[in-house]
Structures are given as C-alpha cells and as structure tokens.
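Protein chains in written order, with this note's numbering: chain A, 1 to 385; chain B, 1001 to 1315.
Treat the hints with caution; some may be incorrect.
Straight-line distance between alpha carbons at most 25 Å, and here's what the computed BS3-like set of lysine-lysine pairs gives [unchecked claim]:
hint, chain 1, residue 1, chain 2, residue 2
1, A, LYS207, A, LYS197
2, B, LYS1229, B, LYS1200
3, B, LYS1229, A, LYS197
4, B, LYS1200, A, LYS160
5, A, LYS160, B, LYS1123
6, B, LYS1200, B, LYS1123
7, A, LYS197, A, LYS211
8, B, LYS1229, B, LYS1302
9, A, LYS200, A, LYS211
10, B, LYS1229, B, LYS1301
11, B, LYS1301, A, LYS211
Label-pair distances were calculated between CB atoms; the ranges are [claimed, not checked]:
hint, chain 1, residue 1, chain 2, residue 2, range
12, B, PRO1230, A, ALA149, 49 to 59 Å
13, B, LEU1119, A, VAL38, 16 to 26 Å
14, A, ALA193, B, ASN1175, 50 to 60 Å
15, A, GLU201, B, THR1288, 32 to 42 Å
16, B, ILE1028, A, ALA162, 56 to 66 Å
17, A, ARG258, B, LYS1229, 48 to 58 Å
18, B, LEU1166, A, ARG33, 32 to 42 Å
These are calculated hints, taken from the structure and not from any lab test. Source: prediction; values computed, not measured. Glycine included, every Cβ here is placed at the ideal spot set by N, Cα and C.
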Amino acid sequence: MNEAAAYHALRTATASASAEGAQTVTRNLIELREISKVFGSGRDEVRALETVSLNIREGEFFTLLGPSGCGKTTLLRLLAGFEQPTAGQILLDGTELGGLPPYRRPVNTVFQSYALFPHMSVAENVGFGLEMHGVPWERIRERVDEMLALVQLEGYARRKPAQLSGGQQQRVALARALANHPRVLLLDEPLSALDLKLRKEMQLELKRLQKETGLTFVFVTHDQEEALTMSDRVAVMNAGEVLQSGTPRAIYEDPDNRFVADFIGETNLIEATVDAVGEGGARFRLASNVVIDGSFREGLAEGREVTLALRPERAGLTAPADGIVQGEVINMVYFGTDTLYEVAIEEVGVLHVRTQNTAGGIGEIGVGDAVGVDFLTDAVRVLRD
Amino acid sequence: MATDAATVASGEERRARRREGWRRFVLISPAMAIIAAIMLIPLGLMLTYSFLESGRYGGVVWEFSTEAYIGFLFERQLDESLAFTDSYIRIFGRSFGLSFATMAIALLLAFPAAMFMALQPPKYRAILIFLVTIPFWTNLLVRNYAWILLLRDFGLINNTLLNLGLPQLPLMYNNFAITLGLVYSFIPFMVLPIYASLEKLDWRLVEAGQDLGANRLQSLRRIILPLAKPGIIAGCILVFVPSLGAYITPELLGGGQRLMIGNLIQLQFGASQNWPFGSALAFILLATVLLFLMLWAWRAKKRGEAAALREAAVG
C-alpha cells in the first residue's frame, strides 16, 4: 500500500471510530511490538528503548511515567514519526506506521515548549493543520472558532503567541493539535512549564477535553501525582524499559518492583525471608525475627529472600504492646491534614507512618516515645525483585 | 500648599530629565563624531563638488553650476541647445539589472548552503563559516585575475573544451562574466546573514509543522522562509548594494567594454577629469538606492497590512 492510500485509510477510520464513541474503549488502538531504539553507534551508542511492548486502548488517557532520560519522550517521538524505531513495529488500528513521515500520520502532538509559530496569529496557528490538508477557508474558520471555544480562548484569534501567557499558549497548542481531528493526541510534558496552580487547573482541563472529545491521549510526564490523578492507565518506565503498566490504583497499591514502589508515592521497603506460604497469603520473617503476614505472590518459596513494600498511610501507630512491630519515634513532620512519623525499629530500619489528623486521633505522640506499628495483611506487598 | 509641592516636584523632575538628556548626549557624542568624520564630511564634500564647475585639468572651479546633473540626462549640442541622451541611464539600467541578477543567483545558491550549514552539528559549523570567509583572505584583484585565467579564450575551461573536441565558449568580456564574478565576490554576504537567522531558528517549529501535516516544501514555505526573512533581506541588501557600485569585477571581467556605474564614476575622476560629474553620478546612485530601499520597506509594510487583513478574515 502506498503512503497516500495508507494515510487515507487511517483518516477515514477516524470518522467511523469516533461515531462508535465510548463503546469501543477496550479495543487496542496502538500496539507497540518489541520496539527498540538506539541512537548513535560505537562508543556513542545510546540505547534509548529496550524491546518495549505496549498496547494503548481506544479512547483512554494513557500516561508514560518515568524520570528524565527513561525513554518516554523517545517513545512519543516514535509514535509521532520524528524518529524511526531501530527494531520492532508500531501499529495504529492494525496498520503498520513504520516509515510514514510525521505529516502522513493521523497523530498530533502538544509539545513541551508548545512550539507555536511566532509569525502567525492564534487563528493561523490553530488552522495550520487544516490548511496543510487543503481544507477550504470557510471550514477552517468554523473549526478554528470551535477549537478556540473548546479551550476557552474566544476573542484571542488575532493575537500573536508572544502576546499570550504561558497557560494561554498551552491552550492554543492544545487547540492546534486537536483541530486536525487526530486519532491520537500525544502530549509531551505539556504542563511542566506552568506554575503549580495553573498546572492543577490544566490537569482538570485536559481531563475534561479528553472526556469531551473521546480521543485517545498519550501523555508523557515525570510527575507521579499528575500521572495518578489524570490517567486511565499508566506505564512506568525506567532506563528504556516499561517496568509496569496498569491502572493508577493497581500501580500504586500493588507495585511490581522496587523502582515502581519507590518512584510512585512514598514507600517503606523492608527486607525479609519467606517463612511460610499458605493459601492467599504468606508469612515473612523480618531481620528482627518478627514474623508478619503479607500478600501472596506467585513463585514464592520458603526461605527465599524478598523485599516487602508498605505504604506509610497503610500503617498506623498504636501502644507498643498492640503493634506488630515496636520502635521509637525519631522524627515527625506535620503536614496539616496528616502527620508523618519516622519510627526506628531495631534491626529492621526506619519505617515511615502517616496518620490522618482526624478528631479523636491517637493523641499526643512525640519524638522519643515508644510506639507500636500496626498494619493489615494486604498492606504488605511482595515485590518481584 | 498642595499645589506648591506639585510645582516643586515637577521642577525637580524637569531638572532630572535635563540632566538625563545631557548625560545621553555626552555618551553618544563619540559615536556621532566618528559618523560625522567618516560619513557626513566626505558626503558633504561630494555634494558640494557636484554643484561646482570642473577644472580643465581635473579638480574643481569654485563656481556654482548644475551642469553635472544636466549632463546626466542631456547632451549639449554645438549650438548650446540640450538634446536628451540615454547613454548614462542605460549604464545605470545595466548596473541595476546585473546587480539584481547577482542578488537573485546569490540567494538561490546561498540559501541551501546556509541551510546545510545550520543543520550540521555545532562543532562543524565553525569550520564551515571559516570556509565561507576564506576568499576574503585573498585580494579581490587577485581573485578576479584567477577568474580571467579560467574564463579567457585559451583559459582552463576553453582549453579543456578544445582538447575534448568541443567548440570554444565566449566566457569573457560579457554580462555572464561580470555576473559570475559579482556572485562569486559577494556570495559570502548572502550566506552569512541567512545562516545567522537559520542557526537561531527553533527547529522544533519545523517538527510541529510536520506534525500538523506540512510536507517538506510546505514547511520551507510556511515556516522556515518566514522565520529566515530578516536574514534573507539583510543578505539581499548586502549583495545588491555593493554589486551596484562594483568597480574591479566589471573592469576586469567585463573588459571595460560593459560599463557599470562604478566604472563610469571612476572614469570621471580619471581619464575624463570631470570631478563634478563624478560626484553627481555618485549622488544619483545614492539617491536611487535609497529610493529603492524605501519602496521596498513601503511594500513590505503594505504586505504586512494585507496579511493582517487576511488574518482578520480567518479569525
């Protein structure tokens, strides 16, 4: 199939897919099959992506989360067509995208720097994609108005990008990328340049836009909170690999490995040995010889050394005798809604415990007090590494 | 009371402003002095000379005369009547034509070169800039003689053609040779400003354009060219204006047969011994160039307004 025909096929698929709307949420729109990307060669070789496989479903808000340099932006650039994979396939709706230049892909990008054309007005920026596709002027004009209304920038059509604030530029970039009716909207850390308050606003705004348009969003961020609050599903990346993907809840509550547990939220990592394996649960022996109950994971064998993850807010403070483990408060930080206690436990290390500052709480606990730490069986998760 | 305070304040303010103005004058005066010394005084001298009578053996006679300007358009007949002559205008026309061709060809060659340079890794760019400026290290005269060696009837090119059994080409003493020489001499002035504007161009904008559906040609036309426009305009002016006044290249490669303004002016101070006419020619050239630049600026402004109108139609 030649490029033009493939492009036509992809664009026409848009119309039928968006007509079906939200019913087809579980269908895979994008399939990444064992994608690798290597930059440079010889001594300068950089392996940006290492056999990454991912499925992104139609209509979902999908987030690529990871620290800088983890390959998430490279993955996005492969989807946009700015880079070609060294190995592997990218399928959109079952059609291989390999070799298609960016201007033939039904995918649009919101860039981190916004990349608005400085010599064009807001209206010209938003209408640019349609103009490139030969859409008649009066139709472009309608669509531009429609898009500016969508991002609440009516009346800004004739301004130049330099006359807009950061948040407004962000909205123009969004409107410009959406005007083309893309099948997928790619967002490359679009909120990182905004201040905290504006970022929170834009998070809600993005979520609203995604719901209203029913579009598939692929969002790149290094901000774990942003990823958790906005996404339908998240893929956590590090060093060119996808470590875990799933719903925010699954990733937060049941991290697969140390990196995911540590990168997303706060966590206590506790070294232990498997003491006994039972049905639906297991017992673990800590360094202090205390035995605790925890969640079960396949492949656990008695005597194996494992790392346990325990979220600070899933643990509570008690009187020393009532706790599963005992220790001494060595530090506390007051956060308003809750308080973080650092509890030193002999031979185990320091456990972080977060408690809500609710009425009738646990009363006055101060640094130096002896306390017990209590937690439920399913709060203790076993990691794979 | 209140009004008194206001007057005092404004008086104070006035004095502060006067001090500020005086300081500014002191700061810019050295620059002004240099401009006066190297630009205004010679220009004033030239303007004065152009309104004097020419001396018999060169120099000027201090008597007011508009003869030099009349002589540009008219020839004095034996009976002292004036007859229109277009020979000088033709030389001006040829100069403008050749300079425009030089500018256009230089632009067509320089843009891709500048683009290539701007797309290289930074460590190679410095080398490429150096390569572009290398011809400046050799004397212009020597470079033009080098072209003569290449272009003349039994030069390198024609000898090669003859040895291959092909006919000789008339490469010298024509407009082709002059244009070639001028393009060669002035092309760095086109490459460098265009390179400067492309080098600071944000290539992410080009990516954004492609992402939105612009192919290579559309990216060039709608994004790269508009953003490189300041460099292109600077380059065009830097090539066109010195081409107009070029002297050595038309003299050597045009063989003195095809005069350009520069040669004509030189003649007045040399063989013709007519300093006022030479000064007048220089002034007419200056005025014409300024007129063209003003027309250009005016048209650009108009086009800007047209773009604003179109924008209004879209928005």
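For each hint, the structure was consulted:
1. Of the supplied pair hints, the one linking LYS207 (chain A) and LYS197 (chain A) holds, its CA atoms being roughly 16 Å apart against a limit of 25 Å.
2. Pair hint LYS1229 (chain B) plus LYS1200 (chain B) holds up; C-alpha atoms about 13 Å apart against a cutoff of 25 Å.
3. Straight-line distance between C-alpha atoms of LYS1229 (chain B) and LYS197 (chain A) comes to about 39 Å, which puts the hinted pair past the 25 Å bound.
4. A hinted pair counts as satisfied when its Cα atoms are at most 25 Å apart, and LYS1200 (chain B) with LYS160 (chain A) qualifies at roughly 20 Å.
5. A C-alpha spacing of about 35 Å is found between LYS160 (chain A) and LYS1123 (chain B), which places the hinted pair above 25 Å, so the restraint is violated.
6. Proximity of LYS1200 (chain B) to LYS1123 (chain B) is assessed by CA-CA distance (about 15 Å); at most 25 Å being required, the pair is judged to hold.
7. Taken as a hint, the LYS197 (chain A) and LYS211 (chain A) pair is honoured in the structure, with Cα atoms around 22 Å apart against an allowance of 25 Å.
8. Note on LYS1229 (chain B) and LYS1302 (chain B): the hinted pairing holds, with a Cα-Cα distance of about 16 Å set against a maximum of 25 Å.
9. A threshold of 25 Å between alpha carbons decides the hint, and for LYS200 (chain A) with LYS211 (chain A) the separation of about 17 Å falls inside it, so the pair holds.
10. With a C-alpha separation of about 14 Å, the suggested pairing of LYS1229 (chain B) with LYS1301 (chain B) holds against the 25 Å cut-off.
11. Restraint check for LYS1301 (chain B) and LYS211 (chain A): the C-alpha separation of about 45 Å exceeds 25 Å, so the hint is violated.
12. The hint said 49 to 59 Å for the Cβ distance between PRO1230 (chain B) and ALA149 (chain A), and at roughly 35 Å that hint is violated.
13. In this structure, LEU1119 (chain B) and VAL38 (chain A) meet the distance hint of 16 to 26 Å, their C-beta atoms being roughly 22 Å apart.
14. Against the hinted window of 50 to 60 Å, the Cβ-Cβ separation of ALA193 (chain A) and ASN1175 (chain B) comes to about 56 Å, which satisfies the hint.
15. In this structure the hint that GLU201 (chain A) and THR1288 (chain B) lie 32 to 42 Å apart at CB is violated, the actual value being about 59 Å.
16. For the pair ILE1028 (chain B) and ALA162 (chain A), the beta carbons lie near 30 Å from each other, so the given range of 56 to 66 Å is not met.
17. Restraint check, ARG258 (chain A) to LYS1229 (chain B): a C-beta distance of roughly 54 Å satisfies the suggested window 48 to 58 Å.
18. The hint said 32 to 42 Å for the Cβ distance between LEU1166 (chain B) and ARG33 (chain A), and at roughly 59 Å that hint is violated.
In this structure, the hints that do not hold are numbers 3, 5, 11, 12, 15, 16, 18, in rising order.
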